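There are 2 protein chains.
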Amino acid sequence: MIYLDNTSATRVCGPALERGRAALEEYWAPGFQPYKLSQDLLAALDTRYQIIYDLAGAEPGDSFVFTSSGAEAINQVHWTAFLELARKEGKCHFITSAVEDAPMLQSLKRLEDLGCYVKAAPLDKTGRIDVQKLAELISPRTAMISLSFAHGLSGVLQPIEEIAALAKEKNVLLHVDATYALGKVYCPFQDLDYLTFSGDRLHAGKGTGGLFAKAGRPLQPLIVGGIEQAGLRGGAFDIPSFLSLAAAASQASLGLDLMSLEVARLRDRLEGELVQKIPGAHVLFSDSPRLPNVSVVAFPRVHQESLHYALCRKQVFASIGGQYAPHLARHLAAAGIEERVGETALHFSLSRNTTQEEIDRAVSIIVETVENLRLLSKDLF
Amino acid sequence: MIYLDNTSATRVCGPALERGRAALEEYWAPGFQPYKLSQDLLAALDTRYQIIYDLAGAEPGDSFVFTSSGAEAINQVHWTAFLELARKEGKCHFITSAVEDAPMLQSLKRLEDLGCYVKAAPLDKTGRIDVQKLAELISPRTAMISLSFAHGLSGVLQPIEEIAALAKEKNVLLHVDATYALGKVYCPFQDLDYLTFSGDRLHAGKGTGGLFAKAGRPLQPLIVGGIEQAGLRGGAFDIPSFLSLAAAASQASLGLDLMSLEVARLRDRLEGELVQKIPGAHVLFSDSPRLPNVSVVAFPRVHQESLHYALCRKQVFASIGGQYAPHLARHLAAAGIEERVGETALHFSLSRNTTQEEIDRAVSIIVETVENLRLLSKDLF
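Protein chains in written order, with the numbering used here: chain D, 16 to 396; chain F, 16 to 396.
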């Protein structure tokens with residue numbers, strides 16, 4: 016098996032696994048009782064927050080909420096904006112980008128159901144948000160710009176510094192979902208108001224996610240009910256999952272150099288070999304700033320569904336989107352890529368664990384598969 | 016250590032621990048990709064739902080949402096009622112009981128912030144809701160009655176059948192939080208519209224909870240963002256935690272007889288010994304239908320805070336409330352118990368793992384501690 020779909024989910028890393036497993040047995044006690052069993056829980060948390068703060072570039076005064084997923088974190092940010100800005104100040108306009116995952120889109124859709132307005136900033140041909148056009152969408156009633164730092168499928172990094180400067184100038188809150196970027200590239204949280212992420216793309220377990228709010232920004236619980244997490248999230252604090260996330264964050268911090276050097280090298284190797292060995296194959300978004308582990312390659316005269324299916328059968332797991340993400344072809348269409356190219360493209364995403372041997376094996380399987388499919392489909396194109 | 020605070024949290028049981036640990040390594044793949052790694056996840060879930068349905072007495076047509084806590088489940092029920100009844104039909108009145116935990120109270124408080132009205136039905140001297148007075152609170156605009164099946168601190172079971180008949184007659188939805196009752200007594204879900212529970216009181220991990228909605232009842236996601244769990248809860252489905260909950264539910268089903276026989280016997284032994292050996296000690300709510308594992312005992316001429324603290328020092332962990340629950344003294348005051356009695360009371364809650372040896376050891380430590388404290392406080396009473 017060669018797993019090249021780390022945008023959809025990542026394997027839980029060893030330290031996260033070990034920490035989570037041990038903690039599941041150790042830290043079952045209630046959180047706020049005066050007896051030792053309970054007080055020991057606090058000691059277990061001690062330095063663990065710092066690791067996650069450091070990874071996101073957050074300061075001690077910023078707030079962090081441990082959530083059960085990135086989706087929950089996104090919902091909480093939007094809910095906060097609804098309660099604090101839409102209801103109290105009448106600022107009920109929201110701006111997102113033209114290509115976002117389901118949690119972002121559906122959470123904003125819910126705000127629309129509650130009387131808010133949402134507009135989407137278009138992408139240019141490089142897969143990046145057109146900041147000029149984004150600026151034109153801002154009105155005096157705009158509460159928040161809410162978008163992804165990097166799109167999981169294209170891997171393209173958005174011009175966050177520019178957008179942050181714009182948000183600051185216009186006095187609009189900026190929420191960035193860093194699910195695909197955290198642990199891959201440096202996260203400029205000091206320029207943002209809110210940052211969210213999902214642990215399952217960071218080699219932590221599925222029941223993990225987080226939300227940072229810069230000091231002074233409003234923050235309301237989505238789940239109310241108790242004093243856990245300073246009243247910012249009701250329900251028992253899931254210490255085992257939190258410790259597992261912290262262990263994964265620590266590994267991600269240690270692996271940042273590896274990601275930008277070795278993983279990027281393997282990604283480039285994958286792209287270079289495919290382009291060289293498959294006539295017409297070409298890399299999309301290669302001129303844009305991209306995540307170091309993501310690649311989208313177009314294979315003219317092969318339909319992506321056929322190629323994806325054939326590769327699955329050969330245990331090479333790539334992606335054409337779906338699940339939370341849009342279909343890859345729709346994603347590419349939103350970036351202005353022609354349909355006949357977009358429908359031949361496949362997404363590959365590597366992880367710290369991907370080896371050169373896997374890449375080379377994947378290349379030869381892909382080359383062979385594309386050749387076969389082209390024989391079958393030669394009359395169709 | 017003798018742990019007699021299973022109302023606050025329960026130790027994760029062996030099968031839940033093993034299942035959760037194994038699944039954390041096995042089931043990390045994305046949920047909805049066409050490749051085998053992903054499809055295998057569905058097979059893992061196969062029969063696991065049935066165990067949880069059986070424990071709650073739910074039918075195949077009823078909906079179940081796996082949540083990250085009981086608090087989240089309660090929030091989701093109230094949010095559904097807000098969207099579907101308060102906003103659409105103007106039914107914005109809610110009724111709860113005079114003694115509830117923080118998730119119930121704060122979630123209803125949020126509905127008040129959004130324009131709803133909440134009233135609390137009083138308890139009678141037996142710790143039970145006065146159904147006659149509850150009936151008087153119902154108006155044509157009442158959307159939902161939302162309360163606990165059993166109060167965690169008193170252990171008193173509410174007259175759910177009566178309340179269910181009333182709700183049906185008045186065409187009001189009935190939500191029951193069964194956090195303290197599930198796995199302890201039979202749950203009459205067929206009479207209810209919604210049932211919620213928290214896994215951490217069922218010997219599962221902290222990041223687990225659930226929500227049942229009877230077939231045909233409205234149900235909206237609290238966390239939106241994707242097709243997971245039939246669109247009823249966004250965010251990656253946390254299969255390891257779900258399997259861990261199912262394993263715990265299976266153990267709870269097997270242990271129901273043990274709970275109503277052996278655990279009840281040990282609880283009665285604890286009460287009998289304390290009453291016999293400590294002059295003036297008496298059991299509260301002993302004439303009410305109670306959970307088999309809970310006991311509240313008053314120790315006249317000893318303040319509960321002192322006794323609780325002294326017992327904690329001797330590694331006997333009982334409870335005086337707090338955390339999600341109200342303080343025990345306030346809880347007892349709401350049931351009309353005199354303050355000077357309520358402030359001498361301590362809550363004990365057993366589990367399937369509690370042994371007779373532990374009970375006997377606890378009794379002798381409690382007896383000795385009460386005697387010592389009475390010497391110290393003889394001039395105060």
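By construction, these hints were calculated from the structure, which means they are not laboratory data.
Just so it is clear, the structure is predicted and the values come from calculations on it, not from any experiment.
Any given hint could turn out to be false.
If several chains are the same, the list does not tell them apart, and a pair holds so long as it fits within one copy or across any two.
In silico DSBU-like pairs for lysine-lysine, Cα to Cα no more than 30 Å straight-line [unchecked claim]:
no., residue 1, residue 2
1, K103, K229
2, K292, K140
3, K329, K51
4, K103, K124
5, K292, K51
6, K329, K185
7, K51, K103
8, K148, K329
9, K124, K140
10, K51, K185
11, K148, K185
12, K148, K229
13, K140, K185
14, K134, K103
Now the hints, each set against the structure:
For the homomeric pair K103 and K229, the shortest alpha-carbon distance inside one copy (20 Å) is at most 30 Å, but the shortest distance between copies (36 Å) is not. For a Cα distance limit of 30 Å, the shortest separation of K292 from K140 inside one copy, 26 Å, qualifies, whereas the shortest one across copies, 83 Å, does not. Taking the shortest alpha-carbon separations for K329 and K51, only the inter-copy value of 11 Å comes in at or below 30 Å, while the best intra-copy value is 54 Å. Proximity of K103 and K124 under a CA criterion of 30 Å is satisfied in both settings, with 20 Å inside one chain copy and 17 Å between copies.
Proximity of K292 and K51 under a CA criterion of 30 Å is satisfied inter-copy only: 28 Å between copies versus 64 Å inside one chain copy. For a Cα distance limit of 30 Å, the shortest separation of K329 from K185 qualifies neither inside one copy, at 52 Å, nor across copies, at 60 Å. In this assembly of identical chains, the alpha carbons of K51 and K103 never lie at most 30 Å apart, being 43 Å within a copy and 49 Å across copies at closest. Taking the closest pair of Cα atoms, K148 and K329 never come within 30 Å of each other, the shortest separation being 44 Å inside a single copy and 68 Å across copies.
With identical chains, the CA atoms of K124 and K140 are at most 30 Å apart within one copy only, with a shortest distance of 26 Å there and 48 Å across copies. Proximity of K51 and K185 under a CA criterion of 30 Å is satisfied in neither setting, with 50 Å inside one chain copy and 48 Å between copies. Proximity of K148 and K185 under a CA criterion of 30 Å is satisfied intra-copy only: 14 Å inside one chain copy versus 55 Å between copies. Taking CA atoms no more than 30 Å apart as the test, K148 paired with K229 passes inside one copy only; the shortest distance there is 26 Å, against 48 Å between copies.
Taking the shortest alpha-carbon separations for K140 and K185, only the intra-copy value of 26 Å comes in at or below 30 Å, while the best inter-copy value is 60 Å. For the homomeric pair K134 and K103, the shortest alpha-carbon distances inside one copy (21 Å) and between copies (26 Å) are both at most 30 Å.
Of the numbered hints stated above, those contradicted by the structure are hints 6, 7, 8, 10, listed in ascending order.
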